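Visitor: Residues per chain are reported as follows:
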Amino acid sequence: MRRRTILQAASAAALNPYVPYFWKRVIYQGGGKYLCAPGLNCYACPLAVLSCPIGGLQLAFSRLSSAMRDLKAAAGLFLYVTGSVGMLGCLVGRMPCGWVCPFGFLQDLLFRLPLPELRLPRRLGIARYLTLLTAVLLLPALTGVSWFSRLCPAGTLEGGLLLQAAPPASPLPPTSWFFWLKLGLLVALLAWATVSRRPFCRVLCPLGAILGLFNRVSLYRMWVEEESCTDCGACRRVCPVDIDIREDPASPDCIRCLECKEACPRGAVGSGFRWLTAEGQAG
Amino acid sequence: MDGTAVPPGPFAGEEGLKKGRDAKRSTKAGMPVGGWAALALLLAFAAAVAISLIFEGPRHLYAKAVYICLDCIGLI
Chain H
18 MRRRTILQAA SAAALNPYVP YFWKRVIYQG GGKYLCAPGL NCYACPLAVL SCPIGGLQLA
78 FSRLSSAMRD LKAAAGLFLY VTGSVGMLGC LVGRMPCGWV CPFGFLQDLL FRLPLPELRL
138 PRRLGIARYL TLLTAVLLLP ALTGVSWFSR LCPAGTLEGG LLLQAAPPAS PLPPTSWFFW
198 LKLGLLVALL AWATVSRRPF CRVLCPLGAI LGLFNRVSLY RMWVEEESCT DCGACRRVCP
258 VDIDIREDPA SPDCIRCLEC KEACPRGAVG SGFRWLTAEG QAG
Chain G
20 MDGTAVPPGP FAGEEGLKKG RDAKRSTKAG MPVGGWAALA LLLAFAAAVA ISLIFEGPRH
80 LYAKAVYICL DCIGLI
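Sequence order for the protein chains is H and G.
Taken in order, the first sequence gives residues 18 to 300; the numbers are from our numbering.
Taken in order, the second sequence gives residues 20 to 95; the numbers are from our numbering.
Since the hints were made in silico from the structure, they are not lab data.
Please read all numbers here as calculations on a predicted model, not as lab measurements.
The C-beta atom is built at its ideal place from N, Cα and C for all residues, glycine as well.
A few of these clues could be false.
Unchecked claim - Some but not every residue of chain H turned toward chain G, in silico, with C-beta under 10 angstroms:
no.	residue
1	69
2	93
3	103
4	107
5	146
6	147
7	181
8	268
Assemble the whole structure, with the sequences as input and the hints as a guide.
Guide: Pasting the structure below:
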């Protein structure tokens, strides 16, 4: 099994280790929930031990709405979540998407199914910024409701389905049309992931949108040595997000999975922390 | 000169010595401007986290995260 697959599986397990839920039937309430997960991992998941940064960001903006106004909470949440995500982004850019995020991992696995590929146009990537601006920031600020959480497929999978299968001690409200709508969205997205490379990450993920912005400034860099590159295209063929690292090594679409680096027969693709390598300083 | 002599390298001679010194300096020079900007940003975000403690940011996040989020699981 490939190294990245093993690390992704380990990361999914590390983010969701709270097995005692199955006999306690109360979600984790320990200190880990003070921290932001480095990936899209729903805090409603009964196994989760960290908090979702996108959930936190929506909470911050919902505290600006007239219905739930609490400016001190809004400021505290906003500074904390953006500070946490920002520190991660400044260090490694969008690398958590490629190595840590459980939902990205699931999409990688689904794409391995032997089905024809549906390639997505690059410009669809703008949609994840629109998702961030509207569902995560604007709508919560106007309505007090966490609209992205209401639609998030990771929440349906990790929280909704798991809690239906293993209900908590305190009874849940009955399912309604909205639950089935969310489930339908999840199924559609997972089906899409079998034919397109990481569609959620490329088109919808607001956390990926934020982290991707840091690819241009992060201390961890990607680069391509033009004199070694023979334009064989191996890097493009293995890329989980279907980009060409040669065009833009600091692309906000790049999830820094390093598949291109491993696939390059000439070792033309490099990566590292910029001040530790001479090549990194050239970038 | 016999065939076993080692040919002079790229940094041979006075001019080569200067080139060699310059070459070593460029690889051991401090971080490029971009690297310092990234570090400055990193520190700024760390400061944001520190300031958030004044406004109890982590506590507000915790208070939400330890209860089942009905929005997240589709049971609004």
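Visitor: Give a verdict on every hint.
Guide: Structure-based check of all given hints:
1. 69: Since chain G brings a Cβ to about 8 angstroms from residue 69 of chain H, closer than 10 angstroms, the hint holds.
2. 93: Residue 93 of chain H check passes; min Cβ-Cβ to chain G is 3 angstroms, inside 10 angstroms.
3. 103: Holds, about 3 angstroms.
4. 107: Hint on residue 107 of chain H: holds, closest Cβ of chain G at ~4 angstroms, below 10 angstroms.
5. 146: Since the shortest Cβ distance to chain G is 19 angstroms, the answer is violated.
6. 147: 20 angstroms, violated
7. 181: Holds, about 8 angstroms.
8. 268: 16 angstroms, violated
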